[in-house]
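Peer 1: My request is simple: use the sequences and hints to build the entire structure.
Chains as they are written, first to last, in my numbering: chain A, -8 to 473; chain B, 68 to 287.
Incorrect hints may have been included.
Quick list of the computed label-pair ranges, beta carbon to beta carbon [said to hold, decoys possible]:
(1) A:THR15 to B:MET168: 42 to 48 Å
(2) A:ILE470 to B:VAL75: 48 to 54 Å
(3) B:GLY176 to A:ASP56: 41 to 47 Å
(4) A:PHE51 to B:LEU89: 39 to 45 Å
(5) A:SER190 to B:GLY176: 35 to 41 Å
(6) B:GLY165 to A:LEU401: 42 to 48 Å
(7) A:VAL407 to B:LEU89: 50 to 56 Å
(8) A:PHE51 to B:GLY188: 27 to 33 Å
Calculated pairs, SDA-like style, for lysine to any residue (alpha carbon to alpha carbon, straight line, at most 25 Å) [claimed, not checked]:
(9) A:LYS191 to B:LEU183
(10) B:LYS239 to A:GLU194
(11) A:LYS432 to A:ALA353
(12) B:LYS151 to B:ILE140
(13) B:LYS239 to A:ASP49
(14) A:LYS181 to B:LYS239
(15) A:LYS181 to B:ALA193
(16) A:LYS25 to A:THR90
(17) B:LYS239 to A:GLU178
(18) A:LYS181 to B:TYR127
(19) A:LYS181 to B:GLY188
(20) A:LYS351 to A:GLY415
(21) A:LYS181 to B:MET192
(22) A:LYS181 to B:PRO124
(23) B:LYS239 to A:SER193
(24) A:LYS351 to A:PHE426
(25) A:LYS181 to B:ASN190
(26) B:LYS239 to B:TYR119
(27) B:LYS239 to B:LEU85
(28) A:LYS181 to B:ALA118
(29) A:LYS191 to B:GLY240
(30) B:LYS239 to A:PRO50
(31) A:LYS25 to A:LEU84
(32) B:LYS239 to A:ILE205
(33) A:LYS351 to A:LYS432
Quick look at which bits of chain B chain A covers, simulated, 3 or more residues with Cβ under 8 Å [unchecked claim]:
(34) 178 to 188
(35) 197 to 206
Worth flagging that the hints you see were computed from the coordinates, not collected in a lab. Computed from a predicted model, the values in this text were never measured in an experiment. Idealized CB from N, CA, C, for every residue including glycine.
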Amino acid sequence: MSWLLGHNVALILTIPAVTALVLTLLPGYRLSAKLNVAGSLLTFLAALSLFAGHPPADPFVLVDDLNIVFIVLNTFVGFTTSLFSMSYIGHELETGRLTPTYLRFYHAMYQVMMFGMNLALLVNNIGLMWAAIELATLATVLMVGIYRTHEALEAAWKYFILASVGIAFALFGTILVYMAALPVVGEGLKAMTWTVLLSKASEFEPSLLSVAFIFLLLGYGTKAGLVPVHAWLPDAHAEGPTPISAVLSGLLLNVALYAILRFKMLMARNHAAISPGPLMIALGLVSLLFAAFMLYRRRDIKRLFAYSSIEHMGIIVFAFGMGGPLANFAGLLQMTMHSLTKSAIFFVVGHIAQAKGSQKIADIQGLTQSHPLLGWSLVVGVLAIAGMPPLGIFMSEFLLVTTTFVRAPLLAVLLVLGLTVAFGALLLRLQSVAFGMPQGKVAPVRVSVLPIFAHLGLVAIAGVYLSPMLVHWFQHVSIMLG
Amino acid sequence: MHGIAFDVAHLLAGCLVLVSFLMLYQDRLYSLLNTYALHATVLFLSVAWQAYIQNAPDLYVTAGIALVFKAIIIPVALHRMIVKLGIHREIETVVGTGPTMLAGMGLVGLSLVVMLHAAAGANLMAREDLAFALAVILLGLLIMVTRRNAVSQVVGFMSLENGLILAAAGAKGMPLVVEMSVAFSILIAFIVIGIFLFRIRERFDTVDLQALDRFRGERQ
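Peer 2: Okay, here's the thing in structure tokens:
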């Protein structure tokens, strides 16, 4: 046991890396899919053991109260998605959309992506964090293009170009942070170690740090799908395999957000630098309002939920931009709930698209009659994502709206406008998809129930009861975020 | 140390910005690739000079990679690919040369103003270096925005990446990242060349991205 606690960080990183290596060598997709699940499960268990204890921060690895939430969430959704993926790809093989060779590649890339994201969350070095996010991005670019249709290639290309520009901005921002730290901390690895940076941040050159943050916000904001630079997100979600849509929305956006939060904490220590709050509030509100209105014109079901992800990222960035214990708490809760709910929705949508043979909303109607299980799961998922009580997202949105009304009533009006518009759009679509006259194919489809129920169950429980331990912990992190 | 060391570094970084401008108005793929090779060569000189004045031997590796991979291997490979694909015709640019050049000048002005102001506290060399690097990055972005052709977008991206390496090389004693960014730029180039272009070529008769734009997912 003590060995595990000393090495759990190493395990979280080595298990996906080794699994990826084995998966590249292994033919036969059935075994690969199982191995993918096993690897993801082991990573999740290793991540859980972080609660029991973890090594102290060193120059390379850092586990603190902030990233432990992200890591456990990341590995959990990674595991459930691998379960979903197993049944999903079986169907894709039958219909001939994917070949066994591509599946081998797909599974290996899945683990490479998990490795990249776990590394990004665990490292204590802003340069390595950048590299890890880039690795995860490249892996997802390849997976988005895996169907090799016109649309998939266009989506992958767009994603690649925009993500590269974003990642380039983020690197430039990272270099600027290093330059700001150089006179205070000295040359070398120290000036990129996050814990060292945090302790000395108050002495950094404020103007350099301010410019750096703008680049970092734009760069990582591209990956988080914030609005002026969101264009890749709907395409990538719609055209890639659905398990990838689930991890993109549920995980990769969070990882980018995590990077922004780390730098925001750095900025908060330096009082002479620009305050990151107003920038994040503006970006968040623009994303929320834009995506909320865009939801109305969507004809493709995966695109619909991709825009809903932009909307939620907007809400979360807005919450962290507001800052203060209550808004930060709401942001963290919203982030967790959105990850769980949105990936569950994508699991359901993946099965629906396979059952109907189409992603067009016009072709998908009356699901509660033709496929009751999928239909009702979708109803619960959409109600949750739209913020209906008593589900988890209602709680975080309620917290956020109340605290905003107290502190900045004008902003709260905009926030509520965005939430209401999005709510209307989602319910409008849900109505025809779930309760219209059944259309198209009604053949039953093999559904992997466990991931869907696990996610929606957690969201429902969180809506009515948050364990005091979790609350206490979120509160602690909220104060840490400032 | 200042005097000549600073002047040469300044000159080389300035040249890199100038070559970026040259790339802006190349309307043929061949000449764009040749200009890119020149860009990478100037980057090699610039990074090698930084390695010499900072007495940082690992930067020579970065410089070597810039010369071998970026100035020779990648342009040659892209040359061959262009011939194979039969697209050595003119590049259609979205905006005309005039407005593009004006926009480029605006971006260079912007990056000088921003960086010289923001990095006022840093030492002179680092400040100038950052300003030029940002200019190269923004010009690379402009190249990507004004081109529709997949190959020239990749070239634009690689020139943007050169700007990042210029910035990283100018940051004294920066660990890991120089090697990493080089490794990544190679990786990206390979991914793009190997997978995307071949797949695009396989599925489309053209590598003109406008052909891809026709397949907007929202259209029914």
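Peer 1: Each hint: holds or not?
Peer 2: Now for the hints, and whether the structure bears them out:
no.	hint	verdict
1	A:THR15 to B:MET168: 42 to 48 Å	holds, 47 Å
2	A:ILE470 to B:VAL75: 48 to 54 Å	holds, 51 Å
3	B:GLY176 to A:ASP56: 41 to 47 Å	holds, 45 Å
4	A:PHE51 to B:LEU89: 39 to 45 Å	holds, 42 Å
5	A:SER190 to B:GLY176: 35 to 41 Å	holds, 37 Å
6	B:GLY165 to A:LEU401: 42 to 48 Å	holds, 44 Å
7	A:VAL407 to B:LEU89: 50 to 56 Å	holds, 52 Å
8	A:PHE51 to B:GLY188: 27 to 33 Å	holds, 29 Å
9	A:LYS191 to B:LEU183	holds, 24 Å
10	B:LYS239 to A:GLU194	holds, 19 Å
11	A:LYS432 to A:ALA353	holds, 13 Å
12	B:LYS151 to B:ILE140	holds, 17 Å
13	B:LYS239 to A:ASP49	holds, 23 Å
14	A:LYS181 to B:LYS239	holds, 13 Å
15	A:LYS181 to B:ALA193	holds, 19 Å
16	A:LYS25 to A:THR90	holds, 17 Å
17	B:LYS239 to A:GLU178	holds, 7 Å
18	A:LYS181 to B:TYR127	holds, 22 Å
19	A:LYS181 to B:GLY188	holds, 20 Å
20	A:LYS351 to A:GLY415	holds, 19 Å
21	A:LYS181 to B:MET192	holds, 22 Å
22	A:LYS181 to B:PRO124	holds, 20 Å
23	B:LYS239 to A:SER193	holds, 21 Å
24	A:LYS351 to A:PHE426	holds, 16 Å
25	A:LYS181 to B:ASN190	holds, 20 Å
26	B:LYS239 to B:TYR119	holds, 12 Å
27	B:LYS239 to B:LEU85	holds, 24 Å
28	A:LYS181 to B:ALA118	holds, 21 Å
29	A:LYS191 to B:GLY240	holds, 18 Å
30	B:LYS239 to A:PRO50	holds, 20 Å
31	A:LYS25 to A:LEU84	holds, 16 Å
32	B:LYS239 to A:ILE205	holds, 22 Å
33	A:LYS351 to A:LYS432	holds, 13 Å
34	178 to 188	holds (count 7)
35	197 to 206	holds (count 4)
Hint violations for this structure: none, all hints satisfied.
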